[in-house]
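K.L.:
Sequence:
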Amino acid sequence: MNYPGHLLPKPDYCCIPWMKELQGYFLLRSAPSSDLLDAETGMVRARFILGDNQSREILKDYSTNLLGIFTPDDAAIKLTNNGRKAYLVGLWSEGEEVTPPVEDDFEVLQDFGFFFYPIGVIHEFPQPLDIASKPQYTEARCYICHTPVRSNFWHFSVRWKVGQADAADVLTTKELKGLMSMVKAFLIEHAVIDYSASQVSTDIPQIWFTRQN
Numbered sequence: 001m002n003y004p005g006h007l008l009p010k011p012d013y014c015c016i017p018w019m020k021e022l023q024g025y026f027l028l029r030s031a032p033s034s035d036l037l038d039a040e041t042g043m044v045r046a047r048f049i050l051g052d053n054q055s056r057e058i059l060k061d062y063s064t065n066l067l068g069i070f071t072p073d074d075a076a077i078k079l080t081n082n083g084r085k086a087y088l089v090g091l092w093s094e095g096e097e098v099t100p101p102v103e104d105d106f107e108v109l110q111d112f113g114f115f116f117y118p119i120g121v122i123h124e125f126p127q128p129l130d131i132a133s134k135p136q137y138t139e140a141r142c143y144i145c146h147t148p149v150r151s152n153f154w155h156f157s158v159r160w161k162v163g164q165a166d167a168a169d170v171l172t173t174k175e176l177k178g179l180m181s182m183v184k185a186f187l188i189e190h191a192v193i194d195y196s197a198s199q200v201s202t203d204i205p206q207i208w209f210t211r212q213n
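Numbering (our numbering), first residue to last: 1 to 213.
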């Protein structure tokens with residue numbers, strides 16, 4: 001199987017800036033199993049929120065995909081550790097021509113799952129902060145940004161700001177750990193397993209991601 005060409009960045013592509021139109025779209029998060037739900041809570045299991053290494057570190061820069069040209073079937077594709085993973089997961093630079101993944105670089109999972117986040121719900125979502133030594137910071141806010149990598153142009157990040165800066169730049173390790181505990185609960189609460197086609201946009205205008213001469 002050839003790696004899906006629609007996932008790869010092209011030299012004439014550009015990063016998608018934040019725009020209010022993105023609020024009508026969903027982000028997709030891949031999972032290694034289709035058995036996603038906790039029987040007691042009816043929500044996505046915490047282990048699928050945290051991913052392979054089960055570390056809250058990933059919550060500072062949470063990896064997702066913009067649903068549209070990236071489809072749920074693409075969640076079956078997983079990069080292997082045998083190939084050029086470091087290169088393929090590296091951030092793509094505008095104008096860069098990418099060498100496509102070859103057979104040793106990826107596998108297609110037979111059992112896989114995915115869940116979604118409505119951008120319009122989570123972007124700018126506030127999390128209250130109560131830090132005695134930093135009373136000027138009363139909340140952290142979620143924000144969405146396009147972070148294309150060489151193997152996936154449609155890679156988006158879910159991050160958090162405190163004031164005008166990234167949370168990791170202004171909070172101590174202990175303070176950030178407390179915030180990430182809340183973020184974990186936030187991501188579990190807002191994960192969506194299914195959606196109605198009428199609820200979400202999947203048509204991504206080419207003008208958004210193609211450089212204009």
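Take these hints with a grain of salt, some might be off.
What the hints assert, rightly or not - Distance windows between CB atoms, simulated:
id : residue 1 : residue 2 : range
1  : D52       : N213      : 40 to 48 Å
2  : R211      : D130      : 42 to 50 Å
3  : R211      : T99       : 15 to 23 Å
4  : P17       : T80       : 27 to 35 Å
What the hints assert, rightly or not - List time: in silico BS3-like cross-link candidates among lysine-lysine, alpha-carbon distance up to 25 Å:
id : residue 1 : residue 2
5  : K161      : K184
6  : K85       : K177
7  : K134      : K85
8  : K134      : K78
9  : K60       : K184
10 : K174      : K78
These aren't lab readings, by the way, just hints derived from the structure by calculation. Positions of the beta carbon are idealized from the N, C-alpha and C atoms, including for glycine.
K.L.:
So which hints don't hold here, by number, going up?
P.N.:
Failing hints, ascending: 6, 7, 8 and 10.
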